[in-house]
Every structure is written in structure tokens, then in C-alpha cells.
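Mind docking these for me? Both chains are given alone in their own frames, and the hints should help you get the complex.
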Amino acid sequence: MGFANSQNKIIRWVEYRLPVLKWLDAQLIDYPTPKNLNYWWNFGSLAGVMLVVQIVTGIVLAMHYMPHGDYAFDSVEHIMRDVSWGWLLRYLHSNGGSMFFAVVYIHIFRGLYYGSYKAPREILWWFGLIILFLMMMTAFLGYVLPWGQMSFWAATVITSMFSAIPWVGDELVVWLWGGYSVDSPTLTRFYSLHYLFPFLIVGVVFVHLWALHVHGSNSPLGIDIKRPDQDKIPFHPYYTVKDLFGMMVMFFILAVFVFYLPNMLGEVINYEKANPLVTPPHIVPEWYFLPFYAILRAVPDKLGGVIAMGASISIFFVLPWLDVSKVRSAKFRPIYRQFFWIFLGDCIVLGIVGANPPEGTWLLMGRLATAYYFLHLLVIIPLIGKFEKPRPVPEGIGEPVLKDAGAPAKEG
Amino acid sequence: MGVPRVALFLAAAIGLAVALAGAALAGVARAAEEVELKEHDWAHAGVFSSFDPAQLRRGFQVYTEVCAVCHSMQYLAFRNLMEIGFSEDEVKELAADYVVIDGPDNEGEMFERDARPSDYFPSPFPNENAARYANNGAFPLDLSLIIKAREDGLDYVYSLLTGFEEEPPEGFELPEDFELADGMYFNRYFPGHQIAMPQPLYDDFVEYEDGTVASIDQMSEDVTVFLDWIAEPKSDERKKIGLRVLIFLAVFSALMYAVKVHVWSKLH
Ligand code: HEM
Numbered sequence: 002m003g004f005a006n007s008q009n010k011i012i013r014w015v016e017y018r019l020p021v022l023k024w025l026d027a028q029l030i031d032y033p034t035p036k037n038l039n040y041w042w043n044f045g046s047l048a049g050v051m052l053v054v055q056i057v058t059g060i061v062l063a064m065h066y067m068p069h070g071d072y073a074f075d076s077v078e079h080i081m082r083d084v085s086w087g088w089l090l091r092y093l094h095s096n097g098g099s100m101f102f103a104v105v106y107i108h109i110f111r112g113l114y115y116g117s118y119k120a121p122r123e124i125l126w127w128f129g130l131i132i133l134f135l136m137m138m139t140a141f142l143g144y145v146l147p148w149g150q151m152s153f154w155a156a157t158v159i160t161s162m163f164s165a166i167p168w169v170g171d172e173l174v175v176w177l178w179g180g181y182s183v184d185s186p187t188l189t190r191f192y193s194l195h196y197l198f199p200f201l202i203v204g205v206v207f208v209h210l211w212a213l214h215v216h217g218s219n220s221p222l223g224i225d226i227k228r229p230d231q232d233k234i235p236f237h238p239y240y241t242v243k244d245l246f247g248m249m250v251m252f253f254i255l256a257v258f259v260f261y262l263p264n265m266l267g268e269v270i271n272y273e274k275a276n277p278l279v280t281p282p283h284i285v286p287e288w289y290f291l292p293f294y295a296i297l298r299a300v301p302d303k304l305g306g307v308i309a310m311g312a313s314i315s316i317f318f319v320l321p322w323l324d325v326s327k328v329r330s331a332k333f334r335p336i337y338r339q340f341f342w343i344f345l346g347d348c349i350v351l352g353i354v355g356a357n358p359p360e361g362t363w364l365l366m367g368r369l370a371t372a373y374y375f376l377h378l379l380v381i382i383p384l385i386g387k388f389e390k391p392r393p394v395p396e397g398i399g400e401p402v403l404k405d406a407g408a409p410a411k412e413g
Numbered sequence: 019m020g021v022p023r024v025a026l027f028l029a030a031a032i033g034l035a036v037a038l039a040g041a042a043l044a045g046v047a048r049a050a051e052e053v054e055l056k057e058h059d060w061a062h063a064g065v066f067s068s069f070d071p072a073q074l075r076r077g078f079q080v081y082t083e084v085c086a087v088c089h090s091m092q093y094l095a096f097r098n099l100m101e102i103g104f105s106e107d108e109v110k111e112l113a114a115d116y117v118v119i120d121g122p123d124n125e126g127e128m129f130e131r132d133a134r135p136s137d138y139f140p141s142p143f144p145n146e147n148a149a150r151y152a153n154n155g156a157f158p159l160d161l162s163l164i165i166k167a168r169e170d171g172l173d174y175v176y177s178l179l180t181g182f183e184e185e186p187p188e189g190f191e192l193p194e195d196f197e198l199a200d201g202m203y204f205n206r207y208f209p210g211h212q213i214a215m216p217q218p219l220y221d222d223f224v225e226y227e228d229g230t231v232a233s234i235d236q237m238s239e240d241v242t243v244f245l246d247w248i249a250e251p252k253s254d255e256r257k258k259i260g261l262r263v264l265i266f267l268a269v270f271s272a273l274m275y276a277v278k279v280h281v282w283s284k285l286h
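In order, the protein sequence lines correspond to chains A and B.
Taking our numbering, the leading residue of the first sequence gets 2, the next gets one more, and so forth.
Taking our numbering, the leading residue of the second sequence gets 19, the next gets one more, and so forth.
Same shape as in the complex, but just chain B (with noise of 0.2 Å):
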């Protein structure tokens, strides 16, 4: 039975490589297109870890400040913040700051009044066009899951934001075409290398208030760690229940094996 065997694993053995040097030939000539992630450390996304609340704070106050002057956050609601720590009246009150259109009243008129906790976060523009005329024909998409919408989100992100430069450095391999048009920014990490959004953060341009010193690192990690919460909010308890249905089912699989195992040893 000897040789049979031998060239079967041979022939199995040559299928995979020719099949895993394919791919790994593929994947470099697909990294050589696109620039490597920073690999950052996100303390939270562990399988045992969770959010930290005072982080999820700062970021959403990196969010609120900066990031919503262009991009809207669609399935934000403020009632949502009391899940990341947010008291009922801190919600309420900042609820209050917001203007949003609701009607029609008894006479048939639109009207502006105070957002609730149950309101979704405003748009900064009322539409699309909109949003593309105040921004150079660019669109500053929603955010609420922009993590789960691109590959590596948490580190893609983060890169993005710490990733501008005045110009590309030396040495920065680029597309033989390429050239910055106008109005665009060289970014690193972005597909292409440019992008129609200005660098939005630099140093100290939020005031935390937890003290923590506002780099760009600080903020940029702060508000893709908000961006990531916002993108799933349900994934801390998913993580949580999951362990316990995991420990559960271990245990009722050694059961019923050891069950088994027991019906069957009456055969013979």
C-alpha cells in the first residue's frame, strides 16, 4: 500500500503549493499596490476585553467637535450614549444643543425645536448634493460603519488620520500618473493617495476633559475606537454572552460524548 499513498500525498502536497504560491504571489502583488497599515494595538477589541468608557468618551467628543462638522453619524441616537456611561440628564441636556426639524404642526408647518434623547444625531448637511458642493465635489460619507465597512477598519482608520503629509516624501513609491489635484491632500493610506478631506486633527485641538493630552495619536486612536463602538454597539455584550455559550456547549459536548460512549459500549 506503500507507494499509492506516497504519491498521493506527493500529488496533494504539490496541489497546495502550487495553489499557496499562487496566492502568496497574488497577495504581494496586491501589497505592492497598496501601502502596509500602522498595526496598532486596540486594547479593547480582545476576546476578553471591552470598551473603556472614558476612551469611548473622549472619542465622541473628537466625533462631535470635529468630525461632524462634515460627516454625519445616521444611527446615532442620543438615547444611545447612556449605553457608553452618559447620565439620562447629561444626554438630555446635550440633546438640547441640537436643532432638528419635526412636523408637520396642527397648521400643516415644518418647525425647529430642541433634539430629544430619542432624536437621531443631525446631519451637518440636509443631502447628498449638498455635502458634495461644500466639500469639492467630494462626499464625506457617514460614519457609523465605516469599521465594519472596510478591511482592518480599527487599524485602517487610525492610519488614515494620523497618515497626512504636506507632501509625498522621498523615496514614496507612487503611481507614474500620479498628481495631486486641486484641492485634494496627500494621504498615505488612502486608496490612490489623495483624498478631498483636510487633515482634521492636529494637536491639542480638542480640550479633554480628563486632562488626557490631545495628540493627533491621542484623538486619531480616541475616535476610532468611538467609530469602532458606534459600528456594532451590541459588541461587548455579544463577546460576553459568547463566552458563556461557548463554556455551555463544551461541556454538554463532553456529555453527550461521554453518553454516547456509554449507549454504545452495551453493543457488541
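Chain A with its partners taken away, still in its complex shape (with noise of 0.2 Å):
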């Protein structure tokens, strides 16, 4: 099996001087895969060609926008009405940005739920975070891009954030504006960068899968392999073949969306021009920033806000220390696994809150649910790893040693 067998003079010619398809061959195609991963570990590989999806439409789009105050919103509407298939484009774009968001929230709470954050994948852990990171700077730099009443009042509400930090703050914004108000200068720069960042989403995402193949997937069970012989199969074709399904069933739903809901995700206002004199009413992010915009808003102070803001993600840098359980898989850990579940729909009611003006009984909900996600972070967690009296874990894939060990692992 393989590229690098070929017997093409010119393959040989290059393989001699430089291996790359038996690097491909190792890493694509006889790359040894735990055989029980079910469909939540089609996530990853979702999310990268979301991220191949929106390079390739960015590029395009590229072509034909204007990255100045006064020109932007036109030549958004441009693609949209002259340029061919430029409404494709958009509304791949647009709605795409909104499904890595999606595949790659589900491929973060995939890693939660059975623990794939501790040893010995931290490091891999660690550039999945750097990697949303990039994401949420990225698309929030886009969303100005189409230059509307909500890319420059969402604009202008974030990047206050930073004049919160004191002594500096009230100069960093205007360095980070280059001028006294949002205006034309900070759309280039906007520009520049959301054209920069996916590239270098690209030069982390290869240190992410690098740090995948030292030690391979983690699996359903959570476990060390320790017969790969018994419970490794090769990537290919097993699971490029079902990466493939994967794929064909998130471009399905990516298109209802494209074609019959292009614009249900975004806000009506943004198809207004950018107007510095006219305050929207309700000021929202786009969704998959909700929970966040929720725990910003919950504290009182803005500074407070602000950090609280930043902790939500950082936090996760160190839960590898902070989960001190060794048991990786939820299916094992009773306690755990119904204290995912609440986490989980306390984000979800984060979410909800921040789309809702942060007042009377939004903002009670709000200030408890943020109170509720560090608690689960800071304090549940590590009480649970401690305390709680995890279910006996199967020695290997292949046959569970224990039957009551949860539900036999499935073979094949």
C-alpha cells in the first residue's frame, strides 16, 4: 500500500533526494489508528477541510473586495451581484466561517468528554487552543470586512476592550484603530491581517497533527494501546473512506445553508452601511462568540470583564493539571460524565444570554451560568478527579477484560 512504491523513474528519482510520499504514505495512509473511533473523531479532519474551504473562497473573494471605508460595502455587493458565482463565494464564506466554528466546537467537547487533553497529549492540547485562538481572531476580523452597521459597531465594541488595561489602554486602541475612531485605516489593517491569519492557522494546525502522530489518537475507551497489532488498522482506507462520509454529510448541511438560509446566521443591520453616527440597538457577535460575549458582560467591571473573558479560554491551557483523574474516557468516570453534560448546557445557556440585552433576569442568568463554568473549570473538576471512583477500564480494543466495563467495545 502506498504512494512511495511507485516504480514511475521520476518518483524514484525525487523519493532518493527527498522521502515526501513515504512521509505521506507514513503519516496518510499506513498511519496506525485506534479501530473503535466512532463518528465523533470525524471532527478533526471536518475542520481542516473547512479550513482548506475557506482559504480557497477567501482567496476569491479577495480578488474582487476593497478593503477601504469607502469602497468596502460596494464591492461586497459587487461579488453578490456581478461577479460570477460571487454569491457562492460569500455565502460559502460566510456561512463556512460558521461551520469550522461549529465542527470545531464539537471536536473540543469530543476531547472533553473522553479526556484526550491529558498526558501524554497536552502539547497537542495546547495548539488545539492556539489554534481557536487564531480562529476567533480571524473571523472577527472578517466579520468587519463587509464593512456593515454590525462589522463597524462590533469592531468599535471590541477593540474598546483594550482600553480597559490601564496606563496603556486608551493608547493601544488608538494604535490598534491607527486613528481616533474606528475608520477606513482600521478596515486595511483588518484586511491585512484576516488574509495573514489563516496561514498561520495552516503552520499550526501541521504542528497539531505532528503532535497527533507521536503517540496517535486517543479512542472511545481512553486507553494505551498496547497491541497495535490486535487494535490499530491503518488510516487508509479505513478511515479516509468514512472521513470522505463525514465529509459529503457537513458539505450537505453546509449547502442548506448556503443556498436556503444564506443569511440566517448573520444580522439584518450588517446589510446597512457602516454609519459612526448611528448606534445599532442591540449590539451582538456572531454565535459561536455568544458565550464568551456573555461572561464579558456578566461582571460588573470592564476590566474584570475583559479578563474573565480571557480566562474562559485560557483556563483550558492547564486542565490537563486540573482534571488530576488518570482515567482519560468519560465512559469510565460516572461522576464526570454527568458534570460534562451540565457544562455542556451551561454554555449553551451562555450562549442564549449573550444574545439577549444583558439586563434584569438575562443578566441574573448570565452572572450564574459564568459563575457555574469556572466553578465546573476550577473547583468540580479537580474535586471529582480526587474523589470519584472511576468504573474498572478494558485492558485493550479487542475484548473488554472486565464485561461490566461499560458496553463491550464494539469490533470492527
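Everything labelled a hint here was simulated from the structure, so no lab data went into it.
It cannot be assumed that every hint is accurate.
[What the hints assert, rightly or not] A few chain B residues that face chain A, going by a derived Cβ cut-off under 7 Å, partial list only:
(1) A167
(2) R168
(3) G260
(4) L267
(5) Y275
(6) K278
(7) V281
Glycine included, C-beta positions come from ideal geometry on N, C-alpha and C.
Below, the structure written as C-alpha cells:
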């Protein structure tokens, strides 16, 4: 099996000097993978596919887009109306951003459920978090580019957060804006960075995969695999076909949005050109930022809010040490498993709160949900790790050593 | 295993219930502030339906004869009308009725000339200040994107156009400090219930070429549909292509699933 066995003279010549195909074979074809991965393991490759979709559509959009306050909005309408397939490119790119986040969030919660962040995968986990951070930057910058009302006001609200930093805050914001308010210079630099960041993501993705391939994928059982000959299978063809199937399903869902609900996830007011004199009644970010937005606004103090929001992601860097349990998979952790679902529910509640004005019941709910968010990560997880009695963990994937060890691992 | 599961579901259910109740309460609170829009049946808006060229033509007529007095439509070029069934000659003739400013010529002067199909519709006012000056300080915004720029755009514009009344009707709940300002008109559906736009449509304001009776409702519907088209002229194409793409992806997914099952069946 593999590309590297080719007898083609040219290929042999290159291969002798730079064994690219051998490397690809090892990483993509023969790469030994646990044989019991479920469909939640599809989401990593789906995220990779979405990254490619964003870059390809983005590069073509960039050929028609104009990063200037006077022309940006019109150039996006020009893309929608006059550029061949422009509407398709733009809707793929704007809904693709949402799809990308949905896929990555599922990917992350998969990791939380099956303990994929634990030793020896801490660095792999970190690089995943760096990707998330870069994605958030990229999406925020991209959302400013169409230069609609929400673009402008989201940029204003988010960049103004930096003014909360003591001493240098105000000057920092002026430096970010390239002026005394969000304006054309801001747009132009955001465009430059929006073009740059996805390629940084590509770089970090390679490190992420490098780290992954050192110890291989975790699995639903969360065990160290001791008999690879029995429990692992080559990536190709088993996981290539499974990933292709997953990809088609994802494209189907993406297509439903692109062709039939292209503006559902956007804010209508972004079809009005940016106007510094008119503030929209509700300034809300894209859905994938809502939980963080709720945390930002739950804290009464501006600086405190910014710190809480930053912490809500940064804490995940030390999660491998907060969770002291040696058992990875929630399958064998009866208590953790329940709190996992409650935490997921808490994040959804935060998302709903983030979409609503921070008043009355909403504010209260936001504060409770924020408090619980940190309680879960900083207190509940360490306590469970300490006191929970995990159920017996099987030795291998093939046959569970103990019959009552959860549902017997499915073969094949 | 029974008890913890039940506890989990209970917790989840309570969490969800609280969230939904909160959302519903907030929804009720907001609905009280805003008036519910008229729910019109939009024949062109379905997944499988498309614009009716005759209706677009009527809507275009209402726009040019009424709305264009005050509102610009900067993304509409005369050539675009060929997409809704106007012939090239019709478009040329129509464009020639308009005057645009071109130049500078060889002597450096700007000059006026008849519009050509490639020109965009001229705006009724040279700039925003002029538009405000003529409209009591209010700005008649560009209508090219209005349907996409408002929540429930179709119902909203239709309701707005048919929502003018001499004065607030009996029993209509108004904010306490409501006072109809000078040069403002009562409209049930506009945020704040007073708008600087006078009622633009009255029965038989236009005479339709196809003989359709030009009632307020009819004209409002026609012009709203036309505005929907100009907000996204490619939407019919999008829906049509979308159907083929979805069918292709569904078939291909099923195929890939079969391949997957086949490949994995060799494993034991
Ligand atoms: C990590 C990958 C990326 C993400 C998550 C992302 C996200 C976004 C988002 C959310 C928007 C706003 C869409 C809208 O509301 O109209 C946007 C716009 C844009 N992006 Fe990206 N993008 C990515 C990669 C790229 C790349 C690589 C390029 C160029 C090489 C690019 C070029 C553009 C352009 C020109 C626009 C403005 C046009 C428009 O608004 O449709 N993007 N991006």
C-alpha cells in the first residue's frame, strides 16, 4: 500500500533525494489508528476541510474585494451581483466560518468527554487551543470586512475592550485603530491580518498533527494501546472512507445554509452600510462568540469582564493538571460524565444569554452561568478527579477484560 | 445506573426549561414593545418557487413612478432589468428617459447625456443633505437592500406601506410620551409609530399596463416583491442550483456510506 512504492522513474528520482511520498505514506496511509473510533472522531478532519474551504473561497473573494471604508460595502455587493458565482463564494465563506466553528466546538467537546487533553497529549491540546484563538481573531477580523453596521459596531465594541487595560489602554486602542475611531485605516489593517492569520493557522495545524502522530489518536475507551497489531488499523482505507462520508454530510448541511438560509446566521443590520453616527439598538457578535460575550458582560467591571473572558479560554491550557483523574474516557467516569453534560448545557445557556440584552433576568442568568462555568473548571473537575471511583478500564480494544466495563467495545 | 441518568436528565431538563422560559419571557417583553407585522403569503419566497416576471414589472413601475421621487436605488443598473424579462430595446428606451452626468469631456467640463443600459439608476437627490432638506430632515434611505436589512423584510415593508392611518386608532397602545411631531405621519409598524414618509400609495396611484387593479395592497405587494428581487437578484438562481447540489450531495453521501460499510466489513 502507498504512493512511495511507485516504479515511475521520476518519482523514484525525487523520492531518493526527498522522500515526500514515504512521509505521506506514514502519515496518511499506513498511520496506525485505533479501530474503535466513533463518528465524533470525524470532526478533526472536517475542521481541516473547512480551513481549506475558507482559504480557497477567501482568496477568490480577495480578488474582488476592496478594503477601504468608501468601497468595501459596495465591493461586497459587487461580488453578490456582478462577479460570476460571487454570491456562492461569499455565502460559502460567511456560512463556512460558522460551519468551521461548529465543527471545531464539537471537536473540542469530544476531547473534553474522552479526556484527550491528558498525558501524553497536553501539547497537542495546547496547539488546538492556539488554533481556536487564531480562528477567533480571524473570524472577528473577517466580520469587519463587509463594512456593514454590525461590522463597524462590533469592531468598535471589541477593540474598545483594550481601553480597560490600565495605563496604556487608551493609547493602545488608538494604535489598533490607526486613528481616533474605527475608520478606513482600521479596515485596511484588519484586512491585511484577516489574510495573514489563516496561514498561521495552517502552520499551527501542522504542529497539531505532528503532536497527534507521536502518540496516535485517543479512542472512546481512552486507553493506552498495548497491542497495536490487534487494536490498530491503517488509516487508509478505513478512516479515509469514513472521513469522506463525514465530509459529504457536512457539505450537505453547509449547502442547506448556503443555498436556502444564507443570511440566517447573520445580522440583518449588516446590510446597511457602516455609519458612525447611528448606533444599532443591539450590538451582538456572531453566534460562535455569544458565550464569551455573555461572560464579558456578566462582570460589572470592564477590566474584570475582559479578564474573565480571557480566562474562560486560557484556563483550558491548564486543564490537563486541573483534572487529576488518571482515567481519560468519561465512559468509565460516572460522575464526571454527568458534569460534562451540565457544563455543555451551561455553555449553551451562556450562548442564549449572550444574544440578549444584559438586563434583569438575563443578567442574573448570565452571572449564574458564568460563575458555574468557572466553578466547573476550577473546583468541580479537580474534586471529581480526586474523589470519583472510576469503573474498571479494559486492557485493550479487542475484547474488554471485564464484562461490565461499560458497553462492550464494538468490534470493527 | 438508573438513578444518576435520571438525575442528569432532570438537571438538563431544568436547565433547558429555565433557559427557554427566560427566552420566552424576553420575547413577550419585546413583542409588547413592537407591533406584530402583517403575515403576508409570499408566493415567490418558497424553496421551489421563483419570481413572477409580470409582478416584478408592476413592482418596478410602482418604484419608478412613486418611490423614486424620494428614494435612490444605487445597485440597480438599467441592464439588470433584462434579468426580469425586459428586452434590450425596452431597456435602451427606458434608459434614454433618464439623464446622467458624465465627463469630464475634452475641455474638462462635465456634461449631461441620456442614460445607457450600463448606467445605474440616477438618484433623486444629489446628496444626503439635499435629500434631508427636501424631506423634513429625514433621510429616505436607499432601497436596494431594504428587504435584507430588516428583520422579516418582506412582511415589514409590506406592513409599513399598508400601515398608514390618519391618527392612532382607538385602543392602539402608544408610548406615554407619544406626540405626533410636525411633518410626521402615524404608522403602526414603524419603530416609534411616527415616520417622516407621507403615505406614498393610494388606490389607483399607478395604472398597470397588464390591467391589474392598482389597490394599495396590490401595489404594496408588487413593489415589495420588486425590492426583494433587487436586494438579491441572484436568489432564484441560488435556489435552483441549490436543489441540484443538495440532491448530488445526498446521493454522494449515501454512496460514500455504502463504500464505508463495505470497506469496514472486511475488518474483524
Ligand atoms: C480561518 C479561516 C477563515 C475564517 C474563519 C474567515 C471568516 C470570515 C468571515 C466570518 C467573514 C465575514 C463574512 C460576511 O459576513 O460577509 C469573512 C470575510 C472575508 N474573508 Fe475570510 N475567513 C477565513 C479565511 C480567509 C482567507 C484565507 C481570505 C483571503 C485570502 C479571506 C478573505 C475574506 C474576504 C475578502 C472577506 C470579505 C468579503 C465578504 O465579506 O464576503 N478569508 N471571513
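Unsatisfied constraints (hint numbers, rising):
none
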